[in-house]
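A.B. asks: Kindly produce the complete structure, drawing on both the sequences and the hints.
Chain by chain, the residues run as shown.
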Amino acid sequence: MSAVRGRHNRTHPTFYWMVVPAVVLFFVLHTLPLLQGVFYSFTNYAGYGEWEFVGINNYLALFRDDRVLDAYLFTFQFAVVATILTNAIALAIAVGLNANIKLRNTLRGVFFLPNVLPMLVVGYVFSYLFASVLPVLGQNFGIEAISSNILGNESLAWVGIVVVAVWQAAAFNIILYLAGLQTIPTEVYEAASIDGAGPWRRFWTMTFPLISPFFTINMVLALKNFLMVFDHIVALTNGGPGNATTSISLLIYRGGFQGGEFAYQTANAVVYLVVIVVLSMFQLRFLQRREVAA
Amino acid sequence: MSDQQGLSLEGNAATAAAERAAGTAPERRYRKDRRGGTSWPLTVIMVLLTVSVFFPLYYVVVTALKTPEQLTGAGLGLPDPFAWGNFAEAARLTNYPRAALNTAVVTVLAVALTLVSNSMVAYAISRNMDKPFFKALYYYFVAALFVPFPIIMLPLVKQTSTLGLSNQVGLVLLYVVYGLAFNIFVYVRYLKSIPRELEEAALTDGASVWTTFWRIIFPLLGPMNATVGILTCMWAWNDFLLPLVILGNPESYTLQLVQYVFQGQFSTDYTLAFASYLMAMAPLVIVYIFAQRWVISGVMRGSGK
Numbered sequence: 001m002s003a004v005r006g007r008h009n010r011t012h013p014t015f016y017w018m019v020v021p022a023v024v025l026f027f028v029l030h031t032l033p034l035l036q037g038v039f040y041s042f043t044n045y046a047g048y049g050e051w052e053f054v055g056i057n058n059y060l061a062l063f064r065d066d067r068v069l070d071a072y073l074f075t076f077q078f079a080v081v082a083t084i085l086t087n088a089i090a091l092a093i094a095v096g097l098n099a100n101i102k103l104r105n106t107l108r109g110v111f112f113l114p115n116v117l118p119m120l121v122v123g124y125v126f127s128y129l130f131a132s133v134l135p136v137l138g139q140n141f142g143i144e145a146i147s148s149n150i151l152g153n154e155s156l157a158w159v160g161i162v163v164v165a166v167w168q169a170a171a172f173n174i175i176l177y178l179a180g181l182q183t184i185p186t187e188v189y190e191a192a193s194i195d196g197a198g199p200w201r202r203f204w205t206m207t208f209p210l211i212s213p214f215f216t217i218n219m220v221l222a223l224k225n226f227l228m229v230f231d232h233i234v235a236l237t238n239g240g241p242g243n244a245t246t247s248i249s250l251l252i253y254r255g256g257f258q259g260g261e262f263a264y265q266t267a268n269a270v271v272y273l274v275v276i277v278v279l280s281m282f283q284l285r286f287l288q289r290r291e292v293a294a
Numbered sequence: 001m002s003d004q005q006g007l008s009l010e011g012n013a014a015t016a017a018a019e020r021a022a023g024t025a026p027e028r029r030y031r032k033d034r035r036g037g038t039s040w041p042l043t044v045i046m047v048l049l050t051v052s053v054f055f056p057l058y059y060v061v062v063t064a065l066k067t068p069e070q071l072t073g074a075g076l077g078l079p080d081p082f083a084w085g086n087f088a089e090a091a092r093l094t095n096y097p098r099a100a101l102n103t104a105v106v107t108v109l110a111v112a113l114t115l116v117s118n119s120m121v122a123y124a125i126s127r128n129m130d131k132p133f134f135k136a137l138y139y140y141f142v143a144a145l146f147v148p149f150p151i152i153m154l155p156l157v158k159q160t161s162t163l164g165l166s167n168q169v170g171l172v173l174l175y176v177v178y179g180l181a182f183n184i185f186v187y188v189r190y191l192k193s194i195p196r197e198l199e200e201a202a203l204t205d206g207a208s209v210w211t212t213f214w215r216i217i218f219p220l221l222g223p224m225n226a227t228v229g230i231l232t233c234m235w236a237w238n239d240f241l242l243p244l245v246i247l248g249n250p251e252s253y254t255l256q257l258v259q260y261v262f263q264g265q266f267s268t269d270y271t272l273a274f275a276s277y278l279m280a281m282a283p284l285v286i287v288y289i290f291a292q293r294w295v296i297s298g299v300m301r302g303s304g305k
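Taken in sequence, the protein lines are chains R and C. Start counting the first sequence at 1; every next residue gets the next number (the numbering used here). Start counting the second sequence at 1; every next residue gets the next number (the numbering used here).
It cannot be assumed that every hint is accurate.
[Stated by the list, open to error] Coverage of chain R stretches by chain C, computed from C-beta distances (three or more under 8 Å per stretch; other residues unrestricted):
hint: 1; region: 42–50
hint: 2; region: 106–118
[Said to hold, decoys possible] Now the in silico label distances, taken between C-beta atoms and shown as ranges:
hint: 3; chain 1: R; residue 1: L103; chain 2: C; residue 2: F218; range: 34 to 42 Å
hint: 4; chain 1: R; residue 1: V38; chain 2: C; residue 2: A136; range: 15 to 23 Å
hint: 5; chain 1: C; residue 1: D80; chain 2: R; residue 2: N243; range: 23 to 31 Å
hint: 6; chain 1: R; residue 1: L103; chain 2: C; residue 2: A291; range: 51 to 59 Å
hint: 7; chain 1: R; residue 1: A197; chain 2: C; residue 2: P41; range: 17 to 25 Å
hint: 8; chain 1: C; residue 1: P250; chain 2: R; residue 2: T106; range: 49 to 57 Å
hint: 9; chain 1: C; residue 1: P219; chain 2: R; residue 2: A197; range: 14 to 22 Å
hint: 10; chain 1: C; residue 1: R293; chain 2: R; residue 2: N243; range: 41 to 49 Å
hint: 11; chain 1: C; residue 1: F218; chain 2: R; residue 2: N243; range: 49 to 57 Å
hint: 12; chain 1: R; residue 1: G260; chain 2: C; residue 2: R196; range: 55 to 63 Å
hint: 13; chain 1: R; residue 1: A197; chain 2: C; residue 2: R293; range: 20 to 28 Å
hint: 14; chain 1: C; residue 1: V285; chain 2: R; residue 2: D195; range: 18 to 26 Å
hint: 15; chain 1: C; residue 1: G264; chain 2: R; residue 2: P21; range: 36 to 44 Å
Worth flagging that the hints you see were computed from the coordinates, not collected in a lab. From the three backbone atoms N, C-alpha and C, an ideal C-beta is built for every residue, glycine too.
C.D. replies: Shown next as structure tokens:
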């Protein structure tokens, strides 16, 4: 019997003192706002003044609100594309960084660098690149698609946001994939070399299945993070042109703080919470089943 | 809300990965002799790919050093002459010293308090996982990984202003408390690997739980403290959304928030703006250049290795 677990099978009181302050703070600053949010979502509270209960009216209105539907559509489109690109690029670079190359540690350092930079500033810099540098290059080389600022184009602006989001998120995912790749024992490759498997075949039959838990993690967290996209958009397009790149987070922030839609946008946030939890669970299940099969 | 929360290695996948990492992988950081010699073509490809990282940074630096008149065409050329004055002017307009100090204070306090408090909570939980109360606490904290920030954002702002926390103190508290979800997860996982004999010996010798924690456990948590410290530091320094919604008084604005306000007010002068951006990223980048290997191994450790 462990002494730490209590000499008399009781929890030492000190352990309670260790957790109580944190639990209280966490409850006050996280759980309470969460509960308040759910509560307000059933009212018509504007963020100030009087309010009364309106039942599920906010929720019903959400489904008829084009702004909201557009925001969900944009956010999903963005998140799915960005998740796939981030993981494909990060995995490819991680495999490269795990191979026998020179300057390996320096290169790892370089590829992680974007993650050390603040997203807002990165967004401002890229927004200028899109506005000034790309069009000049596009005109010089006669590439129609980029010869004007893509961020000002309603149907292309999301591509710009994807580029910036992937540029930064890949840095982090590369390091996570590298961590995964390093768990693969060398012997596996030696056996494969003897069997004469080529690099492509080696990757798909051994490397990829062996790091599939990391693939699952990276996919789930990338999608979750991209669904919450905020800083990128504030810096790049501020939701525009029109409402073309208004993400769910941005809509909640704007409507809630500036539009007097406190209760309405908290209802939106509750739906958003449910969507994210359900999606993450679904994705986790699906990808883990694939892991077993692999 | 942040990369830190993003690193949440949810549920079973993470545990499986961690176990796989711990169980089957011998420590092998350098595998130079895996399959013959160095691959030069691959080295060249990887070096070429770094252009994608360096190009935007190069652009920031050269633009920050130009005068508005030099900023023509694609603006890729080197500045001639260097407009060093941009930095002074940008620093004046954004009140850089003030903002940098605010950010530094918030970051340092957030990191220090996070390390002390989160490791302590994780210790209490991990050593009492057989008690329903502590087990419930574990799941309570970890479940918060799934809660997107926007859902608590609106009520939180009311809450913090009611409590008088619309300031740096509030910001620090929020980083410390919101970090719990992820940090508890990694600390508890790590604490499982620390044998209990040491603490038991100390406790039998009459040391209190506090002493045991500080003298024995906290030092043993070193590698995990590094991971948590690095992630908290990057989060707090680079965060934009929390300062945006929490901070009321412009005097308390952080570096990232200042860029936002600055961009709104002086959006026409790009050379000044870029000088300001460069100064907002520089401190952390400089730290990173010197602590690069350490940072990367810390992040890798957090991911289950």
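A.B. asks: State for each hint whether it applies.
C.D. replies: Hint-by-hint comparison with the structure:
no. : hint                        : in the structure
1   : 42–50                       : violated (count 1)
2   : 106–118                     : holds (count 12)
3   : R:L103 - C:F218: 34 to 42 Å : holds (37 Å)
4   : R:V38 - C:A136: 15 to 23 Å  : holds (20 Å)
5   : C:D80 - R:N243: 23 to 31 Å  : violated (43 Å)
6   : R:L103 - C:A291: 51 to 59 Å : violated (18 Å)
7   : R:A197 - C:P41: 17 to 25 Å  : holds (20 Å)
8   : C:P250 - R:T106: 49 to 57 Å : violated (41 Å)
9   : C:P219 - R:A197: 14 to 22 Å : violated (46 Å)
10  : C:R293 - R:N243: 41 to 49 Å : holds (45 Å)
11  : C:F218 - R:N243: 49 to 57 Å : holds (50 Å)
12  : R:G260 - C:R196: 55 to 63 Å : holds (56 Å)
13  : R:A197 - C:R293: 20 to 28 Å : violated (33 Å)
14  : C:V285 - R:D195: 18 to 26 Å : violated (45 Å)
15  : C:G264 - R:P21: 36 to 44 Å  : holds (39 Å)
Checked against the numbered hints given earlier, this structure breaks hints 1, 5, 6, 8, 9, 13, 14; the rest are met.
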